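Chains as they are written, first to last, in the numbering used here: chain H, 1 to 290; chain P, 1 to 290.
Treat the hints as calculated values from the structure; they're not laboratory data.
One thing to keep in mind: the hints can contain errors.
Treat identical chains as interchangeable: a pair holds within one or across any two.
Said to hold, decoys possible - Below, computed lysine to any residue pairings styled on SDA-like, alpha-carbon distance capped at 25 Å: (1) K151 <-> P168; (2) K147 <-> M166; (3) K149 <-> Y165; (4) K163 <-> T134; (5) K253 <-> L33; (6) K151 <-> Y165.
Since the model is a prediction, treat every value here as computed from it, not as a measurement.
2 protein chains.
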Amino acid sequence: TTNLQRDNKMAWLEKPIKGLLLDISGVLKNGDLAIEGSVEAFRRLKASKIPFRLCTNETQEPREALRAKLSRLQFDVDLDKIFAPAPAMAARLRQEKRIPHLLIHPKINCEFDQPPNGVEPDCVVIGDACEAFTYEAMNTAFNILLKLKQKGEPKFYTLGRGKYYMEPNGLMLDLGPFTAALEYASGLTAELIGKPSPRFFKSALDSLELPPDQVVMIGDDIVGDVGGAQGVGLRGVLVRTGKFQPSDENHEKVKPDAIVDNFSQAIDQILQKCCYSCKSQRFDDRVPKK
Amino acid sequence: TTNLQRDNKMAWLEKPIKGLLLDISGVLKNGDLAIEGSVEAFRRLKASKIPFRLCTNETQEPREALRAKLSRLQFDVDLDKIFAPAPAMAARLRQEKRIPHLLIHPKINCEFDQPPNGVEPDCVVIGDACEAFTYEAMNTAFNILLKLKQKGEPKFYTLGRGKYYMEPNGLMLDLGPFTAALEYASGLTAELIGKPSPRFFKSALDSLELPPDQVVMIGDDIVGDVGGAQGVGLRGVLVRTGKFQPSDENHEKVKPDAIVDNFSQAIDQILQKCCYSCKSQRFDDRVPKK
């Protein structure tokens, strides 16, 4: 059965892999440190020409700051390859011509269009505002939500539902608890913009111009990354780095298509198989289409 | 059927009423104004010698400040007649010899014993902290909760679950949303200390030294006052003042024993019947017990 187990473990590589979605925190880096082997693996991935997008729930920093931080860690990536909730939200607001009230981190303001002066907001957007989560700011957002509810068209968006994250001086509350607070007070349910919202994964897929069954997501969050990606038809690979917990290997709801030690191992397995599957795919391409 | 309806409406007066629990906000007063007729009704109640307790979820002010405010509005009441979540919590902490971390309004600190210096808290208490609900204060409370959870004995108390209240400059978030935020982040459920917790009603009953079926609660909150009181065997009377909404008259879960226009009407009906029931009760008392 050892062979069988090994075969099953590799089953996720049978279908072609033509693109990748990569989480950043916990996959490429932890805080300000690159995860061992991931810089080299990232270079191998780029050399392979397999297209990829970085898919992050980072909402404290604008993409440019994230790109610069990744560059300092030797991950060189173009800005348009980074998919994050704030620019996704800004694009949606632009598309739906909405004027948001923003309860977000001041640093990320630059991702949003400046609303015209004197125009009342018609939706509320909550991000990881940190110190900007004051009682006054929470009250302001709440009063706007209740006014929109009374008008009958309440739109309430959250850039994430994370509970907390680790900082050098302890655990810090993420935006999930503050979203929960405003939901409790207003009786409204916020629409999630980041992972694991299907719309967010689909926007990254659209950018790759690939169908979901040809793309693999690699992440350290069993629910947000792996479960979310599987929910829209991607394969989901869990790494044993970042926020990974041993109990994730027997998660009651989400079964990853593969569990690997780290990003480097995932890339090795993909590149090894991909040569085969790319070739067979090229062969298929030569078959005349009906 | 008019007679029958009238009779049914008066059914709550058939059993003896030997004590009362009264909500303050929305029953005796709205904000800084006495509700019409309530000062006189309160005097009639005191003259009747029917014992009563004030049962409030006020957690922003200490009882002494509340007593002084009531006194300015011509409601003269002794401090030991006021039951509020903070002193109930303080009594419980004293009884269980616990050291709390307090996330409460600075004004209400005086209700709690000062914890000894350098001793780690073994529970977290959240009140209506208002401006003191900073990101830093929320983080501190959260980190203590998680530490207690890891130790295996997490105790988390909330002085209320109110969503919001009205102030002259708009709606203000109550402590419920911030309780919800810490519950979401920690995965813990806070124990409610104020209304409608059965323990809170029972402490007021204990003070009256009366069984629940001889006591009536009068309040403006269909769930917190009326439903809560009924849950421990009291009769619950709803007033059409304060936060009362017409839809409360057909509430899907809570059926008040009576709905009256205001506190004054409730007291009139009780005093009118009480003379009868007190007499009949006195008569019953003369029947030799087996």
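When the structure is checked against the list of hints, which entries are broken? Sort them ascending. Going through the list in order, the structure violates hint 5 alone and respects the others.
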